[in-house]
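Engineer: Chain by chain, the residues:
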Amino acid sequence: MIITINETPKIVIKNVYYTYANGTTALKNINLSVNEGELIGIMGMNGAGKTTLIRTLNGLIRPQKGNVYINGENIKSKNVGKLSKTVGIIFQNPNHQLFSNSVEDEIKFSLKNLNLSKSEVQGKTEMVLNTFNLGKYKERSPLTLSGGETKKLALASIVCRDPDILVFDEPTLGQDAKEIEFFTDLIKNEIKKRKTIVIVTHNIEFAIENVPRIILMANGEIIADGPTEELLTKEFLINKCSLVLPQITKFNTALNSIGIKCPKDIRFKNDMIIFLENYLQNKKVST
Amino acid sequence: MPDSIIKYNNFYFRYKKNPNYQLENINLEINKNKFILLAGETGSGKTTLIKSMNGLIPQFYAGFYKGNVIVNGKDTVETPISELSTEIGIVFQNPENQLISLDVEHEIAFGLENIGVPKEIMEKRIKECVKVTEIEHLLDKAPFELSGGEQQRVAIASILALEPKVLIMDEPTALLDPYMAQKIINLLKKIQLDQKITIIISEHRLDLIMPFVDEIILINEGKIIEHDLKENVINGNNFDKIHINKPLIYSIARRLKEKNLYKDKIPASIPEAMEFFEKWV
Numbered sequence: 001m002i003i004t005i006n007e008t009p010k011i012v013i014k015n016v017y018y019t020y021a022n023g024t025t026a027l028k029n030i031n032l033s034v035n036e037g038e039l040i041g042i043m044g045m046n047g048a049g050k051t052t053l054i055r056t057l058n059g060l061i062r063p064q065k066g067n068v069y070i071n072g073e074n075i076k077s078k079n080v081g082k083l084s085k086t087v088g089i090i091f092q093n094p095n096h097q098l099f100s101n102s103v104e105d106e107i108k109f110s111l112k113n114l115n116l117s118k119s120e121v122q123g124k125t126e127m128v129l130n131t132f133n134l135g136k137y138k139e140r141s142p143l144t145l146s147g148g149e150t151k152k153l154a155l156a157s158i159v160c161r162d163p164d165i166l167v168f169d170e171p172t173l174g175q176d177a178k179e180i181e182f183f184t185d186l187i188k189n190e191i192k193k194r195k196t197i198v199i200v201t202h203n204i205e206f207a208i209e210n211v212p213r214i215i216l217m218a219n220g221e222i223i224a225d226g227p228t229e230e231l232l233t234k235e236f237l238i239n240k241c242s243l244v245l246p247q248i249t250k251f252n253t254a255l256n257s258i259g260i261k262c263p264k265d266i267r268f269k270n271d272m273i274i275f276l277e278n279y280l281q282n283k284k285v286s287t
Numbered sequence: 001m002p003d004s005i006i007k008y009n010n011f012y013f014r015y016k017k018n019p020n021y022q023l024e025n026i027n028l029e030i031n032k033n034k035f036i037l038l039a040g041e042t043g044s045g046k047t048t049l050i051k052s053m054n055g056l057i058p059q060f061y062a063g064f065y066k067g068n069v070i071v072n073g074k075d076t077v078e079t080p081i082s083e084l085s086t087e088i089g090i091v092f093q094n095p096e097n098q099l100i101s102l103d104v105e106h107e108i109a110f111g112l113e114n115i116g117v118p119k120e121i122m123e124k125r126i127k128e129c130v131k132v133t134e135i136e137h138l139l140d141k142a143p144f145e146l147s148g149g150e151q152q153r154v155a156i157a158s159i160l161a162l163e164p165k166v167l168i169m170d171e172p173t174a175l176l177d178p179y180m181a182q183k184i185i186n187l188l189k190k191i192q193l194d195q196k197i198t199i200i201i202s203e204h205r206l207d208l209i210m211p212f213v214d215e216i217i218l219i220n221e222g223k224i225i226e227h228d229l230k231e232n233v234i235n236g237n238n239f240d241k242i243h244i245n246k247p248l249i250y251s252i253a254r255r256l257k258e259k260n261l262y263k264d265k266i267p268a269s270i271p272e273a274m275e276f277f278e279k280w281v
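Just so you know, the sequences run in chain order V and B. Heads up: the first sequence begins at 1 in the working numbering, then just goes up one per residue. Heads up: the second sequence begins at 1 in the working numbering, then just goes up one per residue.
Isolated chain V, as found in the complex:
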């Protein structure tokens, strides 16, 4: 029996170049392929081209050279409105994408053009407001919300449209632990639904715990693409991208330097706790 697997990647970027009107080259020969259900992170120093790159995914930025394919189709001649049903981008500054008079209207506006009936829109709006714990603010103006809540509303307004591809620009910025946990659960859930997720982030601790594959960018180019724990523990890459080593790696190195043989591949906080629990228990027993 022959099993055919649809192997068309969800996102393909081929030889993409982009130069801004002021002469700054933001993207140089970008090649990238992301499969359905994949979660990737894009990291790099300020000005490396990360935000420009994600803007090519829904046509906000049209490359001067090269092509972007979404679901196997070249998006060159597709308009941003249509593309945004497939590719939802949540920008770094949520204020740039919120403009309704109330939190409830913001969600309703997002659900427009999806061919839903009035009652379906109402039902879905209420469900989304509940899921995102925004129900209590539904009559308030988005402008009066705190930074964290505004970010949540921007998130809700895109996720409620159920796009196949979700793109987040610095989603954990200015967020406290509870909000980051909420976001982490949200992306895990979306991945279960076979959504494809791209996250631009400076948050190394978040990336090492939650993102399996990382793209590192410097000066408009992709300089590395691979498993997170492999890339984020290589000092020359870290330095080139203006990052710092994850705390877990620094701690691991410190433990080994004093003679505690901690396995080098420990990447998650919980695994480190288990290792140290066992280590200290054994030491206690033997002393």
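Some hints could be false.
Restricting the straight-line Cα-Cα distance to at most 30 Å, the calculated cross-link-like pairs of lysine-lysine (DSSO-like) are [said to hold, decoys possible]:
| no. | chain 1 | residue 1 | chain 2 | residue 2 |
| --- | --- | --- | --- | --- |
| 1 | B | Lys246 | V | Lys192 |
| 2 | V | Lys136 | B | Lys66 |
| 3 | V | Lys283 | B | Lys17 |
| 4 | V | Lys269 | B | Lys141 |
| 5 | B | Lys263 | V | Lys269 |
| 6 | B | Lys190 | V | Lys284 |
| 7 | B | Lys190 | B | Lys141 |
| 8 | B | Lys279 | V | Lys250 |
| 9 | V | Lys261 | B | Lys17 |
| 10 | V | Lys108 | B | Lys17 |
| 11 | B | Lys190 | V | Lys240 |
| 12 | B | Lys246 | V | Lys234 |
| 13 | B | Lys183 | V | Lys178 |
| 14 | B | Lys279 | V | Lys283 |
| 15 | B | Lys34 | B | Lys259 |
| 16 | V | Lys264 | B | Lys279 |
| 17 | B | Lys246 | V | Lys178 |
| 18 | V | Lys178 | B | Lys230 |
| 19 | B | Lys196 | B | Lys223 |
| 20 | V | Lys261 | B | Lys257 |
| 21 | V | Lys264 | B | Lys257 |
| 22 | B | Lys257 | V | Lys269 |
| 23 | V | Lys136 | B | Lys141 |
| 24 | V | Lys138 | B | Lys241 |
The set of hints was computed from the structure by calculation and includes no laboratory data.
Knowing the structure of chain V, use the given hints to seat chain B on it.
Structural biologist: Just chain B now, kept in the frame of chain V:
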């Protein structure tokens, strides 16, 4: 108390259109020459508290207040903001919003001109603060063409030129990449020690900042729930309860301590933790 620079006495504040108080019964004393972390969940009142430290609240924000805030003996309600700005300098999260001049030198001179500092003193102060913030090579550049980290340093320099006794930074590294964030934090600690000023930082990246902190102020739902030395706060119960991004080493040591495996005080940084683990090699 001679060391005190800011003192809150039963201070309350709420914005005009909001029925709830954003700051409730604040009693807080900030001393000279300290590096202080202001920590709390989003929406806990950090930025509102910061704005009340130099009179922006209640002078510029419509709302209701009770109690008072005394800065170096001056009541923040009665003292002009321009006068308070020589005591308390604030750098906000996005430096772009506070950079207005056409080149960096004028940017730093702007605040000094406004408070009428004589030219020769102005030149001396500009020279000093660009050296401290390592931006000597940027003086002729336009602020808008600088990188985020450079803009942040220009914003710090323009505030330092006013020689404030307290420098407040509202999430200074939020928009910076991790390397630049670390560099700015290191620079701030150096400035605090060299200039003997107090720096108050509201910051989400506790991993980066914790090694430098002397004291922590914990704020929750508009109330100060703890203000003490760093080690007392992180070994207390409140720090664990509030949902802030705790340093990795804190979370690990706390879990081990719950299981009776970690006997020392909970560390705030990796070097501190190593003192414990060295005993168990």
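Engineer: Look at each hint and say if it fits the structure.
Structural biologist: Each hint tested on the structure:
A hinted pair counts as satisfied when its Cα atoms are at most 30 Å apart, and B:Lys246 with V:Lys192 qualifies at roughly 28 Å. Proximity of V:Lys136 to B:Lys66 is assessed by CA-CA distance (about 28 Å); at most 30 Å being required, the pair is judged to hold. At roughly 60 Å between alpha-carbon atoms, V:Lys283 and B:Lys17 are farther apart than 30 Å, so this suggested pair is violated. Only pairs whose Cα atoms come within 30 Å are accepted, and V:Lys269 paired with B:Lys141 is rejected, the gap being roughly 44 Å.
A hinted pair counts as satisfied when its Cα atoms are at most 30 Å apart, and B:Lys263 with V:Lys269 qualifies at roughly 20 Å. A hinted pair counts as satisfied when its Cα atoms are at most 30 Å apart, and B:Lys190 with V:Lys284 does not qualify at roughly 41 Å. About 25 Å separates the Cα atoms of B:Lys190 and B:Lys141, which keeps this hinted pair within 30 Å; it holds. For the proposed pair B:Lys279 and V:Lys250, the alpha carbon gap of about 19 Å is at most 30 Å, so the pair holds.
As the CA atoms of V:Lys261 and B:Lys17 are separated by approximately 59 Å, the hinted pair breaks the 30 Å bound. Between V:Lys108 and B:Lys17 the alpha-carbon distance is near 25 Å, which keeps this suggested pair within the 30 Å criterion. Pair hint B:Lys190 plus V:Lys240 holds up; C-alpha atoms about 25 Å apart against a cutoff of 30 Å. For the given pair, B:Lys246 sits about 25 Å from V:Lys234 by alpha-carbon distance, which is consistent with the 30 Å threshold.
The hinted pair formed by B:Lys183 and V:Lys178 meets the criterion: a straight-line CA distance of about 27 Å does not exceed 30 Å. Proximity of B:Lys279 to V:Lys283 is assessed by CA-CA distance (about 10 Å); at most 30 Å being required, the pair is judged to hold. Restraint check for B:Lys34 and B:Lys259: the C-alpha separation of about 34 Å exceeds 30 Å, so the hint is violated. With a C-alpha separation of about 21 Å, the suggested pair V:Lys264 and B:Lys279 falls inside the 30 Å cut-off, and the hint holds.
At roughly 11 Å between alpha-carbon atoms, B:Lys246 and V:Lys178 fall within 30 Å of each other, so this suggested pair holds. Among the hinted pairs, V:Lys178 with B:Lys230 is consistent with the structure: their alpha-carbon atoms are about 22 Å apart, no more than 30 Å. A threshold of 30 Å between alpha carbons decides the hint, and for B:Lys196 with B:Lys223 the separation of about 28 Å falls inside it, so the pair holds. As the CA atoms of V:Lys261 and B:Lys257 are separated by approximately 21 Å, the hinted pair is consistent with the 30 Å bound.
A distance of roughly 24 Å separates the Cα atoms of V:Lys264 and B:Lys257; the hinted pair therefore holds under the 30 Å criterion. Between the alpha carbons of B:Lys257 and V:Lys269 the distance comes to roughly 15 Å, so the proposed pair stays at or under 30 Å and holds. About 47 Å separates the Cα atoms of V:Lys136 and B:Lys141, which puts this hinted pair outside 30 Å; it is violated. Our distance criterion of 30 Å between C-alpha atoms is met by V:Lys138 and B:Lys241, whose separation comes to about 28 Å.
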